[in-house]
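Participant: In case you want the letters, here they are:
There are 2 protein chains.
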Amino acid sequence: MPEQSPPQAPTSARTAASPETSPSPGVSRRALLGTAGATGLVLGAAGGAVGYAAAPSQATPLTSVGANMAMFHGKHQPGITDGLQAKGHLVAFDLAPGAGRREAAALLRRWSTTAERLMAGESASSDDTDVARDAGPSSLTVTFGFGHSFFSRTGLEKQRPVSLDPLPDFSSDHLDKSRSDGDLWVQIGADDALVAFHALRAIQKDAGSAAKVRWQMNGFNRTPGATAHPMTARNLMGQLDGTRNPRPTDADFDKRIFVPASGSGDPSWMAGGSYAVVRRIRMLLDDWEKLSLTAQENVIGRRKSNGAPLSGGSEKTAMDLEKTDAKGDLVVPLNAHARITRPDQNGGAAILRRPFSYHDGIDADGAPDAGLLFVCWQADPLRGFVPLQRKLDRGDALSKYIRHEASGLFAVPGGAAKGEYVGQRLLEG
Amino acid sequence: MPEQSPPQAPTSARTAASPETSPSPGVSRRALLGTAGATGLVLGAAGGAVGYAAAPSQATPLTSVGANMAMFHGKHQPGITDGLQAKGHLVAFDLAPGAGRREAAALLRRWSTTAERLMAGESASSDDTDVARDAGPSSLTVTFGFGHSFFSRTGLEKQRPVSLDPLPDFSSDHLDKSRSDGDLWVQIGADDALVAFHALRAIQKDAGSAAKVRWQMNGFNRTPGATAHPMTARNLMGQLDGTRNPRPTDADFDKRIFVPASGSGDPSWMAGGSYAVVRRIRMLLDDWEKLSLTAQENVIGRRKSNGAPLSGGSEKTAMDLEKTDAKGDLVVPLNAHARITRPDQNGGAAILRRPFSYHDGIDADGAPDAGLLFVCWQADPLRGFVPLQRKLDRGDALSKYIRHEASGLFAVPGGAAKGEYVGQRLLEG
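Going down the list, the protein sequences come from chains A and B. Note that this note's numbering numbers the first sequence so that position 73 is 73, with each residue one more than the last. Note that this note's numbering numbers the second sequence so that position 113 is 113, with each residue one more than the last.
FYI, nobody ran anything at the bench for these hints, they're computed from the structure. Keep in mind that a hint or two might mislead.
Examples of chain B residues lying across from chain A (beta carbon under 10 Å, computed) [to be verified]:
| no. | residue |
| --- | --- |
| 1 | R110 |
| 2 | P166 |
| 3 | F170 |
| 4 | L285 |
| 5 | E289 |
Each residue gets a CB set at the ideal place from its N, CA and C atoms; glycine is no exception.
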């Protein structure tokens with residue numbers, strides 16, 4: 001669990017679209033509604049009559065949570081730099097026996113159409129399940145990726161990025177293969193649980209006979225408005241999680257997170273794309289919660305209350321690695337999680353964490369089956385996740401309290417241009 | 001799945017408390033913050049300096065979702081007439097071997113203290129897990145009930161309400177006993193997932209050696225602000241769910257939902273209480289979603305879009321049971337769910353539905369393990385849930401698409417007065 005901050009929501013991606021960038025007149029009207037809701041304008045009779053395509057009988061303007069809309073089209077896929085959403089689904093598919101490149105291309109085309117429609121708050125199809133009816137897009141994002149096995153099943157081995165080579169084994173891994181990897185990966189996030197569920201069902205339905213669900217996981221983050229804390233999420237251990245995430249405004253953000261158009265070793269179809277490392281990290285909460293506050297803070301190297309380094313200051317203060325206490329002991333222990341994961345201790349490696357917490361009830365022993373659906377983004381996993389995790393593997397004090405139970409690595413291509421589907425440059429290249 | 005509306009949020013229970021009714025000065029300050037947030041007032045420096053006890057470093061005023069607070073003390077327990085929350089946990093405990101009335105009394109005292117503190121947005125204890133830190137109470141409610149087996153284990157058989165006699169078997173039941181019943185039942189709801197999880201962990205910790213978790217389930221509803229639809233929730237089948245729920249403003253609402261102080265056959269400690277029927281109702285969504293919209297509407301007897309009866313009108317229009325189409329067929333089929341559950345077809349039986357949806361991923365066959373955590377409230381299960389379910393059992397068109405997988409029936413005593421704990425009148429009576 002390397003330490004980084006969750007991404008900040010780039011305003012342009014989370015707020016309503018301007019009419020010029022809207023894929024259809026219907027969407028631009030919704031965008032206007034969204035803007036009105038966000039700024040607190042009261043719509044009159046004319047405004048009130050502008051309804052959602054999905055809910056023609058619904059004349060009341062949506063409030064801001066429902067009206068928030070992420071953009072499907074763009075240089076990058078949605079769901080990477082967009083703000084954390086309250087609900088998430090991760091789902092991996094394997095192509096059906098006999099399905100190849102052609103079926104995969106048709107599937108990605110269907111999926112792209114569905115994602116674009118749902119992200120705009122529209123119905124998926126004429127026989128939509130209607131579970132999301134009445135709600136707005138609620139910041140829905142749908143993100144598609146390809147796993148290592150996809151390329152051999154579709155005869156596209158030559159297009160497989162070297163970065164998809166399997167991650168090394170880590171000594172802390174307790175991986176369930178049936179919940180790891182997969183030919184195709186879809187990440188769904190939304191601020192409303194029914195909107196997210198609706199999208200999951202539509203994506204599954206689109207898979208039809210071409211692909212079968214391999215594994216599926218559910219996660220969550222804070223509800224919008226539940227906290228005034230502006231940026232950093234808390235995880236189920238109670239820690240601020242992601243203090244040091246790179247920010248889209250950083251000068252080297254794009255270089256670290258996204259594959260460039262040229263000059264890297266990546267195939268050209270990955271331009272604007274990113275690699276996602278997905279880990280289901282169980283937290284051994286019964287053990288963790290027995291520790292005193294001081295012991296917990298020594299494991300992390302930061303104050304639980306505000307995320308400040310134990311060496312002093314506030315959340316964003318640089319950690320003083322040399323500081324000692326009156327007895328001459330290091331204030332931030334050598335094996336503290338935050339010390340080990342400091343970027344300047346790792347050759348500048350940086351990942352963009354964008355996790356969901358998960359909680360699947362209790363296991364057969366009565367222990368909570370809960371923790372983190374860790375999702376991190378980087379231009380190069382061998383410079384991002386791998387060196388960080390290797391260091392953690394050798395001496396992280398946190399490792400006693402967590403267990404990596406599933407793992408995946410996916411190539412997430414750049415965003416689709418208008419009229420294009422996600423992955424088209426690979427599948428029709 | 002009898003058809004009723006979800007409860008409306010009684011404004012008094014969902015909005016911030018007035019200082020006079022607040023349990024402590026700290027709470028009244030939070031209450032004022034909540035009111036300011038809800039009405040859009042901008043707090044100045046003085047207001048901004050009023051922080052949460054749980055987050056002393058947090059100077060920013062909370063927004064309305066986080067600031068909403070339900071009241072722990074009152075005639076009834078919270079979580080019955082309060083509005084649907086975005087996240088819920090249901091958990092049942094069995095008393096540990098050797099634990100009896102004394103240990104149960106101490107446990108209910110601990111639980112009541114914790115519930116009161118958490119519902120006010122405070123920490124549970126000095127070694128709180130801090131998972132809810134930074135967030136407000138977020139409409140948290142914690143509700144406690146007693147199952148049939150509780151009374152024999154504590155030597156309180158004489159105090160056991162007749163209404164706790166086991167529910168009859170229904171032919172549609174496929175009950176998993178290990179996820180049914182239990183000595184004690186706790187319902188947790190909140191509009192923020194971390195606040196709800198935090199409360200669940202605190203309640204489990206309080207159980208200590210006195211009681212052990214028997215089963216635990218997670219559920220959800222819409223996020224506040226995701227929809228402008230004012231009242232009725234949608235379930236995972238896409239149906240408006242709960243159109244005919246009784247409302248707290250109805251003249252006979254209290255009589256139907258709450259046990260009176262005298263004149264019923266209930267023991268006196270149940271005055272102000274209610275009986276909760278809990279059913280985990282799985283939806284066979286792969287089958288359901290294959291039906292056409294028309295077929296789905298004929299199963300329910302209402303329009304999917306707006307909940308209007310097939311006989312015409314809008315959601316709240318009375319159903320015309322006799323109306324026929326041009327061919328002379330009944331417009332609302334004889335086995336339609338909404339026809340069978342009409343209160344005037346059931347001797348006026350009424351229940352207050354207050355469900356959560358659930359989604360536990362996929363089962364071993366790849367089918368969605370999703371549906372409804374049906375929770376309904378009534379003064380008398382033999383006049384509420386039982387006759388409704390019996391009718392449904394005999395001819396409900398919906399029964400092909402759902403499966404009752406777990407069941408519980410709990411006596412939920414009235415609310416605790418100041419200085420009292422929930423169940424005290426039973427345990428110290």
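Participant: Now tell me, hint by hint, if it's right for this structure.
Facilitator: So, going through the hints one by one against the coordinates:
Because the smallest distance between the Cβ of B:R110 and any Cβ of chain A comes to about 16 Å, over 10 Å, the interface hint for this residue is violated. Taken as an interface hint, B:P166 does not check out: its beta carbon lies about 25 Å from the nearest beta carbon of chain A, beyond 10 Å. Interface hint at B:F170: violated, since its Cβ lies 25 Å from the closest Cβ of chain A, which is beyond the 10 Å cut-off. Proximity of B:L285 to chain A holds as hinted, the smallest CB-CB distance being about 7 Å (cut-off 10 Å).
Among the interface hints, the one on B:E289 holds; its C-beta lies about 6 Å from the nearest C-beta in chain A, closer than the 10 Å criterion.
The structure is inconsistent with the numbered hints 1, 2 and 3, although it conforms to all the rest.
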